[in-house]
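Residue numbers (this note's numbering): 1 to 345.
Some clues are possibly wrong.
For lysine-lysine, the following DSBU-like pairs were computed, each having C-alpha atoms within a straight-line distance of at most 30 Å [stated by the list, open to error]:
#  : residue 1 : residue 2
1  : 42        : 167
2  : 222       : 42
3  : 167       : 341
4  : 265       : 341
5  : 222       : 134
6  : 134       : 339
7  : 339       : 222
8  : 271       : 341
9  : 134       : 265
10 : 271       : 134
Calculated directly from the structure, the hints in this document are not laboratory data.
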Amino acid sequence: MPPIRFAIIGAGMISHLHARVIRDLGDAELAAVYSRDPVRAKALTEGTGADPMTDPDALLAREDIDAVSVCTASGEHASFGIPAAEAGKHVLVEKPIEIHLDRADALIAACDRNAVKLGVIFQLRFLDNSVEVKQAMDRGTLGNPVMADCYMKFYRPQQYYSDSRWKGMQALDGGGALINQGIHGLDLLLHLAGDIASVQAYTDVRAHENIEVEDTCVAAVKYTNGALGVIQATTSVHPDFQQRIELHGSEGTIVLDGTEDVWIKHWETFKEGARKIEERAPVEHSGAAAVLEEGGEAHARQIQDFVDAIREDRQPLVNGPEGRRSLAVVRAIYESAEKGKEIRL
């Protein structure tokens, strides 16, 4: 069976991880890379046999490309994903699916209309510990849900925003610490704890200059199952802290730590008692650079699932509607902070 041939759209940092994963999968290969910057496009294709391209229309017209991996600014995902779907290409987009719900819905509709697969990168779901905890939550291991919290306290220097074409800009980033850094943890929280019914939130800029978006966000949330929780996201806390998810029920508690990896920090129930947990040393950094250094195993598992979904004619495990869930919560949190009131989803 011939490999699934990918084109990568965008040549920023995370695109290098996509290129490496696609290269290393046994049943996929990289055919082309598009970037506005020909130097970046060429650099990403070196040693791969793929073609660097600066014309997106020419790329989408190629019949030898089966799927595209969209690694552009978040607010450009629909702009590239919709034409790709209309050209008959399967579409994989980095997180978030888009920055506004109407654009996310348009992308989902375009993929449905053209009978192509749509996948959204939320790779933390694919790690072994995430899978184990998801299975436990589905079994009701913790009993009646009580609280579910997510803390994402990161640090980004001023240069992180100043040196970027789009980070910190409403038009392309869609928000700040929550939608950019925090959305991975938020997606995993929703995956494990269930959907959120309402939010009451506050956002602010506490430690950066010349950005249009928040660098600090706090939200109190109520879940559809009745549980309560807190979501915190910031790029203003030095040093970096690991992302942490706390799940509490009437029968016990599970705590997950980790930003690039996810490990079980605490697992204790009345029936089972406390599990012996392996201690792990904290990493000294977070973000895309660390994902590259860590090897991208979770990305590899998710992209393999996307390839398998194409071959098996099924939905990817994180399809368009699944990718939309976290965006809906993000937009509700921003609306709550702007209007100063509780927002129901």
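Going through the hints against the structure:
Under the criterion of a C-alpha separation no larger than 30 Å, the hint pairing residue 42 with residue 167 is consistent with the structure, at around 23 Å. Of the supplied pair hints, the one linking residue 222 and residue 42 is violated, its CA atoms being roughly 48 Å apart against a limit of 30 Å. Proposed proximity of residue 167 and residue 341 is supported: the alpha carbons are some 27 Å apart, at most 30 Å. Distance hint between residue 265 and residue 341 is unfulfilled; the C-alpha atoms sit about 34 Å from each other, more than 30 Å.
Taking the CA atoms of residue 222 and residue 134, the gap is about 20 Å. The hint holds against a cut of 30 Å. With a CA separation close to 34 Å, the supplied pair residue 134 and residue 339 exceeds the 30 Å bound. Distance hint between residue 339 and residue 222 is fulfilled; the C-alpha atoms sit about 18 Å from each other, no more than 30 Å. Taken as a hint, the residue 271 and residue 341 pair is broken in the structure, with Cα atoms around 40 Å apart against an allowance of 30 Å.
Of the supplied pair hints, the one linking residue 134 and residue 265 holds, its CA atoms being roughly 15 Å apart against a limit of 30 Å. Between residue 271 and residue 134 the CA atoms are separated by roughly 18 Å; this keeps the pair inside 30 Å, and the hint holds.
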